[in-house]
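Engineer: One-letter residues, chain by chain:
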Amino acid sequence: MRWSYIAPRLGLLVILWAFFFFAFDPLLKWGLVKGIEKGAGAKAEIASLHTTFLHPSLKITGLAVADSKEEYRNLLEFSELSFSAEGAPLLEKKLVVDEAALKGLKFGTARKTSGRLPFVKEEPSPMVDAMVAESKGFALDRVADVKGDFAADYKVDPAELESVKLAKELEAKYDKDYKDIADRVDPKKYQAALDELKARYEKAKDEKNFAKQAKDYAEIAKEVKKVTDQFKKDKAEAQAAIAAAKDAFKAVDEARKKDTANVMSKMKLPSLDKASLARMLAGPAIAERTAQGMKWAAMARKYMPDNNKGVLKNEAKRGREVHFPKEHSYPTVLVRRVYVSGELGAEDPLDYSGSIEGLTTQPSVYGRPTTAEVKGAKGARRLDFRCSVDATGAEIKTDSSLLYSGIPVKQMSFGSASSLLVNVTGAAAAFDGKLKTAGAALDGKATVKLTGAAFKADASKIKMEQLRTAVESSFAGLNSAVIEAGIAGTVKDPKLSVDTDLAAALSKAFSGALGAEVKKAQEEAQKKIDEALKPYRAKLDSLASAKQAELEGKLKDAEGKVSGQGESLLKGLTPAKLKLPKIKF
Amino acid sequence: MNDTAPNQIGGGIMLGVLIGLMPKATLTAQLLIVLLMALRVNIPMGLLAAIAVSLLNPLFDKVTDPIGYALLTAEGLRPLWTKMYNMPLVPWTGFNNTVVPGGIVLWAALAAPIYFAGRRVGAFYNEKFRDRVMNSKIVKGMKASWLLDWYFKGAN
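The listed protein sequences correspond, in order, to chains A and B. Going by the numbering used here, the first residue of the first sequence is number 1, and it counts up by one from there. Going by the numbering used here, the first residue of the second sequence is number 586, and it counts up by one from there.
Hints listed in this document are in silico derivations from the structure and should not be mistaken for laboratory results. Each residue gets a CB set at the ideal place from its N, CA and C atoms; glycine is no exception. Don't take every hint at face value.
[Claimed, not checked] Here are the simulated lysine-lysine pairs, DSS-like style, with alpha carbons at most 30 Å apart:
1) 668(B) <-> 326(A)
2) 326(A) <-> 647(B)
3) 179(A) <-> 250(A)
4) 34(A) <-> 647(B)
5) 205(A) <-> 165(A)
[Claimed, not checked] Ranges of calculated distance between the beta carbons of each label pair, as one might list FRET restraints:
6) 695(B) <-> 489(A): 31 to 41 Å
7) 620(B) <-> 109(A): 24 to 34 Å
8) 722(B) <-> 88(A): 47 to 57 Å
9) 327(A) <-> 620(B): 43 to 53 Å
10) 647(B) <-> 489(A): 39 to 49 Å
11) 88(A) <-> 701(B): 16 to 26 Å
12) 489(A) <-> 620(B): 50 to 60 Å
13) 620(B) <-> 38(A): 56 to 66 Å
14) 615(B) <-> 109(A): 36 to 46 Å
15) 119(A) <-> 615(B): 53 to 63 Å
16) 51(A) <-> 647(B): 47 to 57 Å
17) 695(B) <-> 492(A): 44 to 54 Å
18) 327(A) <-> 695(B): 50 to 60 Å
19) 10(A) <-> 669(B): 34 to 44 Å
Generate the whole structure from the sequences, applying the supplied hints.
Structural biologist: Structure (structure tokens):
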């Protein structure tokens with residue numbers, strides 16, 4: 001050992017430590033800012049960041065994250081985040097924080113400088129794009145021409161119809177799916193298994209050793225039960241597949257409705273069903289907010305811990321980490337409670353406060369879900385937000401609800417300036433939303449009630465005076481509205497549904513003014529689409545009914561075999577009469 | 586900075602191979618680097634060996650990972666691992682990562698051959714390259730550096 005070497009190295013270590021000590025905070029701040037900017041796609045600022053090592057703590061002040069969609073607006077900002085880590089768990093490579101505080105959390109605040117980042121492209125959302133396109137393309141400009149029979153000249157190209165494309169896809173899918181299911185419920189498979197069991201039974205029947213015979217019978221009975229259970233499982237899956245196939249027809253019908261709306265739009269005529277009108281009016285705004293929420297949810301899911309309950313985890317860059325039982329088990333990172341407080345709304349802000357409990361990177365070790373509860377009240381306004389994220393099981397489940405009532409709405413609008421715009425002023429809004437997720441599956445609904453409002457329709461794009469007046473007057477009489485949205489499907493492929501009583505008012509106006517003419521044009525468009533779809537639909541119908549009949553036949557055949565032969569086997573599985581030894585007295 | 590005797594080069598390479606096999610973000614690797622610096626072994630050769638082995642880690646991991654896994658999941662050793670897992674600071678060594686115990690076992694098995702091969706490399710280097718390397722601009726430049734001079738002043 002060369003001690004003369006060690007002294008200068010220790011000196012170097014001291015220099016390194018000093019560098020780390022003084023440079024750590026700026027480096028961490030820089031890293032945090034870059035990380036947030038990458039996630040948000042907009043500028044982020046931190047006024048100060050301070051860490052201490054002897055009593056490990058972190059304090060961040062003045063954090064602001066810009067909104068990637070609005071250059072001079074912050075997505076969120078907070079005045080202070082502070083916490084102290086417990087010392088003992090750090091020695092075990094664990095970061096445990098008992099209490100943290102997040103103060104002055106605000107959303108949508110104005111910023112003085114641009115929050116735009118160079119070279120950042122906003123990822124388009126197909127859901128928003130589709131809703132905006134539908135709203136913009138909602139044809140009203142040639143609605144007056146509907147009185148003529150010009151719709152009759154319009155030609156429908158089957159290749160462009162969504163319903164035709166879907167029917168073709170389903171046809172290809174049917175062939176494959178049904179073959180897979182038919183193979184699974186093939187009666188020959190069960191027959192072979194039952195024949196083998198019967199052979200075993202015949203062999204066991206001749207067995208002289210009563211104990212061995214009973215054992216063989218018990219095993220055979222177990223196997224028969226296994227075959228029966230397997231059949232039940234296969235049957236349930238086959239029936240589910242048949243039901244799913246029937247649902248697919250509903251999808252073709254839905255596509256047919258959309259095709260009708262598209263054709264009407266191409267003919268520059270509006271589709272007047274209530275669902276289309278609701279999508280046109282409230283769709284873009286709801287889709288945009290939903291897409292923004294989904295974006296944040298997707299980001300949260302990305303960083304959410306993957307729950308792998310096994311002892312072996314692939315969390316190391318190299319090799320695998322094997323975990324052992326802990327006397328005092330801490331997750332790798334745990335924040336037991338974060339106190340949150342802040343303001344909601346720019347003008348006359350609503351103060352709120354609450355807490356987030358159980359933030360951790362290892363929920364299965366912590367064993368409890370992460371929960372959040374935030375409440376606030378001011379005058380007529382009430383805020384109640386609850387959220388639970390349970391990642392302790394095999395799949396992540398979330399359950400959240402938001403109630404926010406008495407929101408003053410100075411001005412808002414529905415629809416699109418290029419078709420029909422409805423301006424709402426002086427309303428009080430109440431939002432009630434619930435969302436549940438299980439894995440990637442989404443299930444949620446939200447209702448917005450507008451009361452005490454003044455509605456004014458900008459119908460300048462409608463050239464037909466009679467209709468324009470009808471539309472304007474139908475909104476002029478309103479003072480409240482309900483907008484409902486539902487979300488289903490999966491995170492990657494969300495299905496959004498929109499409904500509003502504003503659509504009913506609009507529909508009524510259309511029907512009153514020229515409902516019959518538009519309806520006639522719509523029927524003609526529908527007829528053309530049905531004609532184009534007919535051969536594909538017929539082919540799909542015959543294919544589906546033939547395959548379903550074949551599958552049902554196979555199921556019946558297999559059921560007969562399994563229940564008949566299986567039961568007769570089970571009946572025979574009674575051990576031979578017990579021959580008691582003759583006892584002579 | 587001289588430590589160029591064949592046995593010092595062999596020792597440096599031997600230690601460098603062990604450093605190379607370890608995941609670098611563990612206390613084990615950091616302590617081994619300090620040990621490399623503190624022992625009278627050839628540091629540049631040690632660092633070169635560590636870098637070379639690190640680059641080949643995807644291949645070595647195929648051997649060290651199953652060895653480490655077998656050790657870490659062996660019932661007989663479970664009490665020891667559990668005790669270590671519950672001790673302060675020890676988890677920072679990364680002992681529960683399969684490639685750490687696996688790497689140590691592989692290195693222990695190969696240490697002697699590596700040392701003797703390293704000695705031969707050292708003798709060959711001294712005979713063929715040492716003067717050329719020591720007279721190269723880069724080494725002269727490094728020797729002229731006051732920082733390195735101060736750092737390595739205890740070498741001789």
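Engineer: So, for every hint listed, does it hold in this structure?
Structural biologist: Now for the hints, and whether the structure bears them out:
no. : hint                          : verdict
1   : 668(B) <-> 326(A)             : holds, 9 Å
2   : 326(A) <-> 647(B)             : holds, 29 Å
3   : 179(A) <-> 250(A)             : holds, 22 Å
4   : 34(A) <-> 647(B)              : violated, 35 Å
5   : 205(A) <-> 165(A)             : violated, 60 Å
6   : 695(B) <-> 489(A): 31 to 41 Å : violated, 56 Å
7   : 620(B) <-> 109(A): 24 to 34 Å : violated, 54 Å
8   : 722(B) <-> 88(A): 47 to 57 Å  : holds, 53 Å
9   : 327(A) <-> 620(B): 43 to 53 Å : violated, 31 Å
10  : 647(B) <-> 489(A): 39 to 49 Å : holds, 42 Å
11  : 88(A) <-> 701(B): 16 to 26 Å  : violated, 46 Å
12  : 489(A) <-> 620(B): 50 to 60 Å : holds, 58 Å
13  : 620(B) <-> 38(A): 56 to 66 Å  : violated, 38 Å
14  : 615(B) <-> 109(A): 36 to 46 Å : holds, 44 Å
15  : 119(A) <-> 615(B): 53 to 63 Å : violated, 38 Å
16  : 51(A) <-> 647(B): 47 to 57 Å  : violated, 40 Å
17  : 695(B) <-> 492(A): 44 to 54 Å : holds, 49 Å
18  : 327(A) <-> 695(B): 50 to 60 Å : violated, 37 Å
19  : 10(A) <-> 669(B): 34 to 44 Å  : violated, 28 Å
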